[in-house]
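Undergrad: Listed below are the residues making up each chain.
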Amino acid sequence: MDPDPVHDMIPETAKVEIAPAGVEGAVRLSEAKPGDRGVIVDVRAERHAGDHGVDVGELQRRLLEFGFVEGARIEVMFEGAIWRDPIAVRVDDMRIGLRRRDAEDVWVLLDAR
Amino acid sequence: MSDAALPMARIALVGNPNSGKTALFNALTGSRQKVANYAGVTVERKEGQISAPSGRTISVLDLPGTYSLRARSPDEVVTRDAVMGKLAGEDPPDVLVCVADATNLRLVLRLILELKAVGRPMVLALNMYDIAQRQGLRIDLEGLSRDIGCPIVTTVATRKRGIEDLVAQVDGLIAAGTLRAANTWREPDAGQIRDAHREAQRILKANVRAPERPDTFTGKVDSVLLHPVAGLLILLTLLFVMFQAVFTWSKAVGDLMSDGFAGLGAFISAHLPAGLLTSFLTDGVISGVGSVLVFLPQILVLFFFIILLEDFGYMARAAFLMDRIMGGAGLHGRAFIPLLSSFACAIPGIMATRVIDNKRDRLTTIMVAPLMTCSARIPVYTLIISAFIPNRPVLGVLNLPGLVMFGLYAAGILSALGVSFITRRVFWRGAVEPFLMELPAYKLPDPVNVARSLFLRGKIFLTRAGTIIFPIMILVWFLSSFPGAPAGATDPAINYSLAGRIGHFIQPALGPIGFNWQMTVALIPGFAAREVAVAALGTVYAIGAADAAPGALAATLQHHWSIATGLSFLAWYVFAPQCASTFGVVKRETNSWFWPGVMLVYMTSLAYLAAFIVYQVARASGLG
Ligand SMILES: Nc1nc2c(ncn2[C@@H]2O[C@H](COP(=O)(O)OP(=O)(O)O)[C@@H](O)[C@H]2O)c(=O)[nH]1
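Quick mapping for you: the protein sequence lines, in order, are chains Y and R.
Using the working numbering, the first residue of the first sequence is number 200, and each one after it goes up by one.
Using the working numbering, the first residue of the second sequence is number 1457, and each one after it goes up by one.
Where hints are given, some of them may not hold.
[Said to hold, decoys possible] A few chain R residues that don't get close to chain Y, going by computed Cβ distances all over 10 Å:
| # | residue |
| --- | --- |
| 1 | Tyr1523 |
| 2 | Leu1777 |
| 3 | Arg1848 |
| 4 | Pro1857 |
[To be verified] Derived SDA-like pairs: lysine to any residue, alpha-carbon spacing no greater than 25 Å straight-line:
| # | chain 1 | residue 1 | chain 2 | residue 2 |
| --- | --- | --- | --- | --- |
| 5 | R | Lys1815 | Y | Val238 |
| 6 | R | Lys1815 | Y | Glu274 |
| 7 | R | Lys1661 | Y | Leu309 |
| 8 | R | Lys1542 | Y | Arg236 |
| 9 | R | Lys1676 | Y | Arg283 |
| 10 | R | Lys1616 | R | Asn1905 |
| 11 | R | Lys1899 | R | Leu2056 |
| 12 | R | Lys1676 | Y | Gly224 |
| 13 | R | Lys1661 | Y | Arg236 |
| 14 | R | Lys1815 | Y | Arg236 |
| 15 | R | Lys1676 | Y | Val275 |
| 16 | R | Lys1915 | R | Ala1492 |
| 17 | R | Lys1815 | Y | Asp254 |
| 18 | R | Lys1676 | Y | Gly256 |
| 19 | R | Lys1815 | R | Glu1889 |
| 20 | R | Lys1661 | Y | Arg283 |
| 21 | R | Lys1815 | R | Leu2056 |
| 22 | Y | Lys232 | R | Leu1689 |
| 23 | R | Lys1572 | R | Gly1605 |
| 24 | R | Lys1572 | Y | Val275 |
| 25 | R | Lys1676 | R | Val1709 |
| 26 | R | Lys1915 | R | Phe2068 |
| 27 | R | Lys1676 | Y | Glu257 |
| 28 | Y | Lys232 | R | Lys1815 |
| 29 | R | Lys1616 | R | Glu2045 |
| 30 | R | Lys1676 | Y | Ile281 |
| 31 | R | Lys1572 | R | Leu1660 |
| 32 | R | Lys1661 | Y | Gly256 |
| 33 | R | Lys1490 | R | Leu1918 |
| 34 | R | Lys1899 | Y | Glu257 |
| 35 | R | Lys1676 | Y | Glu278 |
If you're looking for bench data, these hints aren't it; they were derived computationally from the structure.
Even for Gly, the Cβ is constructed at its ideal location relative to N, Cα and C.
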């Protein structure tokens, strides 16, 4: 049986890491761990299509509306007990809870630890 | 100004969720509030009135909270259309009042920029100003007002501070007859949202200085409440306490009320001549009204906890903690509160699904809500358990009846998760809505606001449920009373009625699950509400309410039913759609008879299947 039905719906091709041009070392927010801090460098609209209730452009707009914009400071605070999902992040001065699969298009340049 | 009545003016409250909009609405309108639905949609419409010192009456519309005018849920569509004056059946607002949490301005500034484009006169209510001051947050009010181009009033909704100022500002704008600019709002694309954020950031930087004593409380509390292990344990403990409260405190009150209604019924039967009128009053009206009212204490206690936790800011955390567990079954994290409410009664639970944006997520939640063990099942479970489950200790500390009760609850929860999982996998493959949710700063709940919200919930339940339950009770009374028993009849009168005939007619179909005709006849009135089955069984076995010594009915059932039949009846009640009011509410919430139909079919099939398996297995193991 698949251990994580929701995550497994994401086709492998969508998981290929292509860091935003010009920003070396950025990672997807969906892969960050609690304690990670950094700056959002890119919010894209390019995730896997098909398995989502909304299209990628709509997800991007929602992320932007919740304050996930380039330049915002971000810190991952907590993660859920099951499959480390969802995550609670601090975006500038507010807290947002979101699923990792919805955080894939947010690219973060992490501070050196 | 002359005394000639000034024309009534309209304002609308808009703002982000958790900005204190409800508290401000309460502070503005006090008890002069009305709750209804918007025409044609199941979005709650809250309206109240203010009498301004100028003598003008201002009607206040409290719009659902939103982060943007790009409406995504039915709630947000109402907000957008009302703001633009395009909502069918609503007069456009003369002035918009944007409510903002002064300590959390970033997102609302972007909303304000959108609202400005709509072109209506606007006032910004900078709420939670007490918290801002406590944190040493410095806001340049004049600069901010200049930058966003509208007057600002600082308010503390919970202390009623700034309310007079706000009314004066609004009244002034109305009196000045400020002209409306053209509506230039267009749905923003990603680039425009970014630009708006940049603009909001610039305004923030220019006018707001970071707090000297930022809120560290929320972070500290979260490190416990959102802890992957401790957080879940605390959530479970809270739920346990909640149920304890619902079923012990409120049960006492509920029982008292049932006794009261039974007493009233007995009084009427004693003082009026036996006949149709008496039967209508006691069995129709009083037990109809009673069956609605006895749930009120439980619903109020449950809502008390929900409102308290909501105002504290915990409910968003509960949804966060439960999201993956619910998500595994294809439910949205937000479905948590509706399903929780369904433990008291599916009706407020189904009404609470309105917080779920996505239509499919909402429908799934509505469809499984009646599987949660509502309190109306408890009398039935209690009766059957006391009749058929021996009071034996299990593993030393537990006892068998308690364990069976627990099993019945677990069966309800597991089947709800299972049904939604299958719905997701089979019917609505793939589509998984995003889950993005603000986790607001913790706040001390305000007793007055909690009381007012609680009162409102109670009123909504009574009016909406009452208008559905009551007519159904009357209908069921009619079915069970007509035609009356012929002269010289020996069997209970219900046996000759329409309900009796229907019961006899369907009995063969229910034979394979071990139901005799008395049971199928009792199921007909039991369709009005689950707990009515207990009284109905009393009626068909001719145990009058008068000599209903506790245990008399249980003893009768023990005598007439096999253990297999008793267990089968329990299994039936876990799934069976024995509640007509639920269908009424589902019809109302989905605006079609299709979904109640689907619900009827799937729940009945599940019930039959479960009862069949239980009955056959029990018989095979010698309990027949
Ligand atoms: N300290 C303080 N608390 C407030 C104020 N306004 C609202 N609250 C509290 O903030 C919480 C959320 O308020 P509510 O009106 O439910 O927010 P809504 O989601 O915008 O309707 C509640 O606990 C309120 O009691 C305020 O001005 N000062």
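Undergrad: Now tell me if each hint is right for this structure.
TA: Hints, verified against the model:
1. Tyr1523: violated, 5 Å
2. Leu1777: violated, 7 Å
3. Arg1848: Holds, because the least Cβ-Cβ distance between Arg1848/R and chain Y comes to about 36 Å, which exceeds 10 Å.
4. Pro1857: holds, 33 Å
5. Lys1815/R to Val238/Y: Roughly 34 Å between the alpha carbons, so the hint for Lys1815/R and Val238/Y is violated.
6. Lys1815/R to Glu274/Y: The hint is violated at about 32 Å.
7. Lys1661/R to Leu309/Y: The given pair, whose Cα atoms are some 24 Å apart, holds under the 25 Å limit.
8. Lys1542/R to Arg236/Y: violated, 44 Å
9. Lys1676/R to Arg283/Y: holds, 20 Å
10. Lys1616/R to Asn1905/R: Holds. Lys1616/R to Asn1905/R sits at ~11 Å (cutoff 25 Å).
11. Lys1899/R to Leu2056/R: With Cα atoms ~42 Å apart, Lys1899/R and Leu2056/R exceed 25 Å; violated.
12. Lys1676/R to Gly224/Y: Status violated; Cα separation ~31 Å.
13. Lys1661/R to Arg236/Y: Given pair Lys1661/R, Arg236/Y holds - Cα atoms ~22 Å apart, limit 25 Å.
14. Lys1815/R to Arg236/Y: Since the Cα atoms of Lys1815/R and Arg236/Y sit roughly 35 Å apart, the hinted pair is violated (cutoff 25 Å).
15. Lys1676/R to Val275/Y: holds, 15 Å
16. Lys1915/R to Ala1492/R: With a Cα-Cα distance of about 11 Å, the restraint between Lys1915/R and Ala1492/R holds, given a limit of 25 Å.
17. Lys1815/R to Asp254/Y: holds, 16 Å
18. Lys1676/R to Gly256/Y: violated, 36 Å
19. Lys1815/R to Glu1889/R: holds, 10 Å
20. Lys1661/R to Arg283/Y: violated, 35 Å
21. Lys1815/R to Leu2056/R: holds, 20 Å
22. Lys232/Y to Leu1689/R: Distance ~22 Å between Lys232/Y and Leu1689/R Cα, so the pair holds.
23. Lys1572/R to Gly1605/R: Roughly 8 Å between the alpha carbons, so the hint for Lys1572/R and Gly1605/R holds.
24. Lys1572/R to Val275/Y: With a Cα-Cα distance of about 34 Å, the restraint between Lys1572/R and Val275/Y is violated, given a limit of 25 Å.
25. Lys1676/R to Val1709/R: violated, 38 Å
26. Lys1915/R to Phe2068/R: The given pair, whose Cα atoms are some 41 Å apart, is violated under the 25 Å limit.
27. Lys1676/R to Glu257/Y: violated, 34 Å
28. Lys232/Y to Lys1815/R: violated, 32 Å
29. Lys1616/R to Glu2045/R: Not OK: Lys1616/R and Glu2045/R at ~35 Å, beyond 25 Å, violated.
30. Lys1676/R to Ile281/Y: It holds: about 22 Å lies between the C-alpha atoms, which stays within 25 Å.
31. Lys1572/R to Leu1660/R: holds, 17 Å
32. Lys1661/R to Gly256/Y: violated, 29 Å
33. Lys1490/R to Leu1918/R: holds, 14 Å
34. Lys1899/R to Glu257/Y: At roughly 32 Å apart (the allowed maximum being 25 Å), Glu257/Y and Lys1899/R break the hint.
35. Lys1676/R to Glu278/Y: holds, 16 Å
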